[in-house]
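In order, the protein sequences belong to chains A and B.
Counting from 19, one number per residue, gives the positions in the first sequence under this note's numbering.
Counting from 95, one number per residue, gives the positions in the second sequence under this note's numbering.
Any given hint could be a false lead.
Here are the simulated SDA-like cross-link-like pairs (lysine to any residue), alpha carbons at most 20 Å apart as the crow flies [to be verified]: (1) B:Lys103 x B:Asp140; (2) A:Lys130 x B:Arg168; (3) B:Lys249 x A:Val109; (4) B:Lys103 x A:Arg100; (5) B:Lys103 x A:Arg92; (6) A:Lys120 x B:Lys137; (7) A:Lys120 x B:Asp129; (8) B:Lys137 x B:Arg168; (9) B:Lys103 x A:Leu121; (10) A:Lys120 x B:Arg168; (11) B:Lys240 x A:Ile119; (12) B:Lys137 x B:Ser165; (13) A:Lys120 x B:Asp140; (14) B:Lys249 x B:Ala230; (15) A:Lys128 x B:Trp139; (16) A:Lys128 x B:Leu136; (17) B:Lys137 x A:Val114; (18) A:Lys120 x B:Leu136; (19) B:Lys137 x A:Arg92; (20) B:Lys249 x A:Glu129; (21) A:Lys120 x B:Arg171; (22) B:Lys103 x B:Gln132; (23) A:Lys130 x B:Lys137; (24) A:Lys128 x B:His141.
The following residues of chain B were derived to be distant from chain A, with all beta-carbon distances above 10 Å [what the hints assert, rightly or not]: (25) His141; (26) Gly148; (27) Thr149; (28) Leu151; (29) Glu166; (30) Arg169; (31) Pro208; (32) Gly219; (33) Leu254.
Honestly, the hints are just simulated from the structure, not real lab data.
Beta carbons are placed, not taken as given, at the ideal position from N, Cα and C, and that holds for glycine.
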Amino acid sequence: MAGKNGSATYTAPVAVAEASDWQSSTQSASGGGRDSARSEEDAKQQQSGSERQSAMDTQRPSHDRKVPRGMLDRSLQAQLGRQLRSIFSDVAGEPVPERFIKLLEELEAKEKRR
Amino acid sequence: MNTDSVPLKQAMLALIPNLRAFAVSLCGDIERADDLVQESLLKAWDHLESFQEGTNLRAWLFTILRNTYFSECRRRRREVEDRDGTKAAELAVHPGQQGHLDMQDFRRALNLLPPDQREALILVGAAGFSYEEAAAISGCAVGTIKSRVNRARSKLTELLGVVTPREFGPDAATEAIVARRVGGSPRQ
Chain A
19 MAGKNGSATY TAPVAVAEAS DWQSSTQSAS GGGRDSARSE EDAKQQQSGS ERQSAMDTQR
79 PSHDRKVPRG MLDRSLQAQL GRQLRSIFSD VAGEPVPERF IKLLEELEAK EKRR
Chain B
95 MNTDSVPLKQ AMLALIPNLR AFAVSLCGDI ERADDLVQES LLKAWDHLES FQEGTNLRAW
155 LFTILRNTYF SECRRRRREV EDRDGTKAAE LAVHPGQQGH LDMQDFRRAL NLLPPDQREA
215 LILVGAAGFS YEEAAAISGC AVGTIKSRVN RARSKLTELL GVVTPREFGP DAATEAIVAR
275 RVGGSPRQ
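In isolation and in its complexed conformation, chain A is listed as follows (with noise of 0.2 Å):
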């Protein structure tokens, strides 16, 4: 995520929207609309603030404190993505099972004697 931050406070889910994170595409995927509507508001109250806090928390814009719902989604998404991650590289990072180095090393030799 670091260096992913957008410069403009509500422009940070869409610059990281291609990112193969679970959790940034989500933001620019599910909570579009409504998150646009309460930005403006929140703008007004917060318009010192909010970059300085969204470039440290790209993953929380501030705006989401007072959508409760939304974040819960997040915290989810968060976790659900976690969850895939870790299936994954737990098997990734496994070493080689002997029958596939065998294996390799037999069609190698057939190749050789061919």
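Given chain A's structure and the hints, the job is docking chain B onto it.
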């Protein structure tokens, strides 16, 4: 061309953990996953000449694996649909009783997604491919991948949409649990 097969073999070997991770996430079963990997490696080896040097070997192997998986799915379709009905019924009560999202719940929910949505979600959300790469691997349009990913997320959220006291505060959690138990009319 034969001299090239040595570094290519090394590269394939290095990618096996990734292939296994993809296969497990896709089919939800480590033994079946390893069979898928084995079959995919054999196919890849037989078609090494169709791999273009300088292109993405990982994406190429993922493509072979997902094609293997989906043709197997088509063969098994009737059986799978039947089993999904049973699994869906089990899942409907499970998270409510548990009160939190554990990995078991998540694995079950992931397995309940339509395979094409699960695939898109894994490629983009776990394997780190871009939407464009995922589209190339799945043989569909970028927009199709995006919509599959979004539908997969909504479906997972729907299946696992239970709040926990620790994370979200007691009120919301109580409401959710009570609503579940008494069929939609929360009370203290």
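Verification of the hints:
1. Restraint check for lysine 103 of chain B and aspartate 140 of chain B: the C-alpha separation of about 12 Å stays at or below 20 Å, so the hint holds.
2. For the given pair, lysine 130 of chain A sits about 36 Å from arginine 168 of chain B by alpha-carbon distance, which is inconsistent with the 20 Å threshold.
3. Straight-line distance between C-alpha atoms of lysine 249 of chain B and valine 109 of chain A comes to about 24 Å, which puts the hinted pair past the 20 Å bound.
4. For the hint pairing lysine 103 of chain B with arginine 100 of chain A, the CA-to-CA distance comes to about 32 Å; that exceeds 20 Å, so the pair is violated.
5. Taking the CA atoms of lysine 103 of chain B and arginine 92 of chain A, the gap is about 42 Å. The hint is violated against a cut of 20 Å.
6. About 16 Å separates the Cα atoms of lysine 120 of chain A and lysine 137 of chain B, which keeps this hinted pair within 20 Å; it holds.
7. Our distance criterion of 20 Å between C-alpha atoms is met by lysine 120 of chain A and aspartate 129 of chain B, whose separation comes to about 14 Å.
8. Pair hint lysine 137 of chain B plus arginine 168 of chain B holds up; C-alpha atoms about 19 Å apart against a cutoff of 20 Å.
9. Of the pairs offered as hints, the one joining lysine 103 of chain B and leucine 121 of chain A holds, with about 11 Å between alpha carbons and a cut-off of 20 Å not exceeded.
10. Restraint check for lysine 120 of chain A and arginine 168 of chain B: not satisfied, since their Cα atoms lie roughly 30 Å apart, outside the 20 Å limit.
11. For the hint pairing lysine 240 of chain B with isoleucine 119 of chain A, the CA-to-CA distance comes to about 36 Å; that exceeds 20 Å, so the pair is violated.
12. Taken as a hint, the lysine 137 of chain B and serine 165 of chain B pair is honoured in the structure, with Cα atoms around 14 Å apart against an allowance of 20 Å.
13. For the suggested pair lysine 120 of chain A and aspartate 140 of chain B, the alpha carbons sit about 17 Å apart, so the restraint of at most 20 Å is met.
14. The suggested pairing of lysine 249 of chain B with alanine 230 of chain B is violated, with an alpha-carbon distance near 24 Å, which exceeds 20 Å.
15. In summary, the hint linking lysine 128 of chain A to tryptophan 139 of chain B is supported, as the alpha carbons are separated by about 11 Å, within the 20 Å threshold.
16. The suggested pairing of lysine 128 of chain A with leucine 136 of chain B holds, with an alpha-carbon distance near 12 Å, which does not exceed 20 Å.
17. About 19 Å separates the Cα atoms of lysine 137 of chain B and valine 114 of chain A, which keeps this hinted pair within 20 Å; it holds.
18. Using a Cα cut-off of 20 Å, the hinted pair lysine 120 of chain A and leucine 136 of chain B holds, with the two alpha carbons roughly 12 Å apart.
19. For the hint linking lysine 137 of chain B to arginine 92 of chain A, the alpha-carbon distance of about 41 Å lies beyond 20 Å, and the restraint is violated.
20. Of the supplied pair hints, the one linking lysine 249 of chain B and glutamate 129 of chain A is violated, its CA atoms being roughly 47 Å apart against a limit of 20 Å.
21. Between the alpha carbons of lysine 120 of chain A and arginine 171 of chain B the distance comes to roughly 32 Å, so the proposed pair goes past 20 Å and is violated.
22. Between the alpha carbons of lysine 103 of chain B and glutamine 132 of chain B the distance comes to roughly 14 Å, so the proposed pair stays at or under 20 Å and holds.
23. For the suggested pair lysine 130 of chain A and lysine 137 of chain B, the alpha carbons sit about 18 Å apart, so the restraint of at most 20 Å is met.
24. About 15 Å separates the Cα atoms of lysine 128 of chain A and histidine 141 of chain B, which keeps this hinted pair within 20 Å; it holds.
25. For histidine 141 of chain B, the requirement that its beta carbon stay farther than 10 Å from each beta carbon of chain A is met, with the minimum near 12 Å.
26. Residue-level check passed: glycine 148 of chain B sits 22 Å from the nearest beta carbon of chain A, beyond 10 Å.
27. Against the 10 Å criterion, threonine 149 of chain B stays outside the reach of chain A, whose nearest CB is about 19 Å from its own CB.
28. With a least CB separation of 14 Å from chain A, leucine 151 of chain B remains clear of the 10 Å interface cut-off, as annotated.
29. Separation of glutamate 166 of chain B from chain A is adequate, the least Cβ-Cβ distance of about 19 Å exceeding the 10 Å criterion.
30. No Cβ of chain A comes within 10 Å of the Cβ of arginine 169 of chain B; the nearest lies about 23 Å off, and the non-interface call holds.
31. Here proline 208 of chain B stays apart from chain A, with its beta-carbon at least about 16 Å from theirs, past the 10 Å limit.
32. The claim that glycine 219 of chain B is not at the interface with chain A is violated, since a C-beta of that chain comes within 10 Å of its own (minimum 4 Å).
33. The claim that leucine 254 of chain B lies off the interface is violated: its Cβ sits roughly 7 Å from the closest Cβ of chain A, which falls inside the 10 Å cut-off.
In summary, the structure is inconsistent with hints 2, 3, 4, 5, 10, 11, 14, 19, 20, 21, 32 and 33 from the numbered list given earlier, while agreeing with the others.
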